[in-house]
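Peer 1: Next come the chains, spelled out residue by residue.
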Amino acid sequence: MQGITKIKRRYIFMLLGILLFLPPLSVIPQAAGEVNMCGAVCPRMFFILSPKGIWSGLVNGIQSMWFGTALVGAIFLVTLFFGRLWCSHVCPIGGTTEFINKGVPKKLKINFSFIQAPAFRYGFLFIYIAGALIGIGAIACKLCNFRIIPFMIGSPFVPAYRTYLATSMGLAGLATIGVSGFLAKGGRGYCNLLCPIGAMDSVINFLGTKLGISKRMNTDYSKCDNCGSCVDSCMVWALTQEKGQVKRDPLSCMSCGECERVCPNGAISYGKNKI
Amino acid sequence: MGKMMSSKFLKTIIFIFAGITAGIALANFSAKDFKHASIIVKRNVQAKPIHINDYKGKQVLALSLKIPDGPKDIEVKMKGAEIQSWYPPPVKMPFYKWMDVDGGRFHGVEPGKRLPLYLIIRQAGCKELEIIDSSDSSIIQTVHVMRGGANAGHH
Chain W
1 MQGITKIKRR YIFMLLGILL FLPPLSVIPQ AAGEVNMCGA VCPRMFFILS PKGIWSGLVN
61 GIQSMWFGTA LVGAIFLVTL FFGRLWCSHV CPIGGTTEFI NKGVPKKLKI NFSFIQAPAF
121 RYGFLFIYIA GALIGIGAIA CKLCNFRIIP FMIGSPFVPA YRTYLATSMG LAGLATIGVS
181 GFLAKGGRGY CNLLCPIGAM DSVINFLGTK LGISKRMNTD YSKCDNCGSC VDSCMVWALT
241 QEKGQVKRDP LSCMSCGECE RVCPNGAISY GKNKI
Chain F
1001 MGKMMSSKFL KTIIFIFAGI TAGIALANFS AKDFKHASII VKRNVQAKPI HINDYKGKQV
1061 LALSLKIPDG PKDIEVKMKG AEIQSWYPPP VKMPFYKWMD VDGGRFHGVE PGKRLPLYLI
1121 IRQAGCKELE IIDSSDSSII QTVHVMRGGA NAGHH
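Protein chains in written order, with the working numbering: chain W, 1 to 275; chain F, 1001 to 1155.
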């Protein structure tokens, strides 16, 4: 029962995140002098290593994307002590994909759990951060979920958003977020594999749990009968059954509480516990 | 035990490479009908030309325009192109420092404000983008938009 209340609270937070960050209101971007999550509000670019100079590029990025930088700093701070609450409870982008995913018939959903998410994620993150520096090219604005989702939601109101979405770049972005987000089982495939903030946030979460300062989802194995309900409910395939025991990957767990909700034995709870 | 560990390690390596490959594919992804460019507009400074694809269909040039010490009223013009801005936001918040936007015309621009524009180019050939000070109709800067790669000339 407590789990159900927590899930309802999470949905309310996600709706609030969508209302505050995305069109048509875009309250927070407008407070920072922008109209959506690009420019000063962009949280995805300031840490990219520039071939023109790593340090100067970083300073430049922080100055021009000051709000995005502050937002990422706040996200990491919250994660260090309370787990990945931004990703699971507030992120308007992940929230939108998760909500849309709920309307997709079960038959159409793609299960990406065959992918070892942390390995894929950090391989991708390496190119994301260092691609421009090592001469491969930049990823940041291409198929950016922080552009596609606001443009998608704002497109009935702003002709320029429709113009972007109708280009090959926009369509490729929609296809990427469609397959990895809307159609992925749980709706969080993009978050788990391709989002650079999610990737860095999961490292902070891992450090927090290792140091024992972060709250996280815990399993009381004396109550667990290994039924596997939690494994099936996990949006980011962080739970696996190995040798008759459920294991949780702290590099993927978002502390969303879905596993706590479905556990028939009340074996899962959220709190402080060192790995 | 050792066999399980080694298969897990192998899986990790495979997926790290899969992530790197996906990253490289995305970094090299380009659309023939879309190009993004940033310009810092300065008076009396020769701007670098922008190269768009040598593709005959409709192309969208996404421009992020920054005018550090520019005038408050600005007009952006390009013959044979439709200009759209991301502004205005669908719902204007009372605390938002608002500027008036009408196609390529901006009134009440703050110095250094980023102006995101989409230029929809339907005609063939190279173009000239003019950034004009609306108060006296003087040209602040002209930017050449050329079709083809970095070696393309005006045609």
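There may be inaccurate statements among the hints.
In silico BS3-like cross-links for lysine-lysine, where the CA-CA straight-line distance does not exceed 27 Å [claimed, not checked]: (1) W/210 with F/1032; (2) W/142 with W/8; (3) W/142 with W/215; (4) F/1042 with W/52; (5) F/1032 with W/142; (6) F/1077 with F/1056; (7) W/247 with W/223; (8) F/1042 with F/1056; (9) F/1072 with W/142; (10) F/1032 with W/185; (11) W/223 with W/6; (12) W/272 with W/247; (13) W/142 with F/1008; (14) W/52 with F/1077; (15) F/1056 with W/142; (16) W/210 with F/1011; (17) W/272 with W/215; (18) W/215 with W/106.
What the hints contain is simulated information worked out from the structure, not anything from laboratory work.
Peer 1: Would you mind marking each hint as holding or not holding in the structure?
Peer 2: Tested hints:
no.	hint	result
1	W/210 with F/1032	violated (47 Å)
2	W/142 with W/8	violated (34 Å)
3	W/142 with W/215	violated (34 Å)
4	F/1042 with W/52	holds (21 Å)
5	F/1032 with W/142	holds (13 Å)
6	F/1077 with F/1056	holds (21 Å)
7	W/247 with W/223	holds (14 Å)
8	F/1042 with F/1056	violated (31 Å)
9	F/1072 with W/142	violated (32 Å)
10	F/1032 with W/185	violated (32 Å)
11	W/223 with W/6	holds (21 Å)
12	W/272 with W/247	holds (17 Å)
13	W/142 with F/1008	violated (32 Å)
14	W/52 with F/1077	violated (31 Å)
15	F/1056 with W/142	holds (23 Å)
16	W/210 with F/1011	holds (24 Å)
17	W/272 with W/215	holds (4 Å)
18	W/215 with W/106	violated (32 Å)
When each numbered hint is compared with the structure, violations occur for hints 1, 2, 3, 8, 9, 10, 13, 14, 18.
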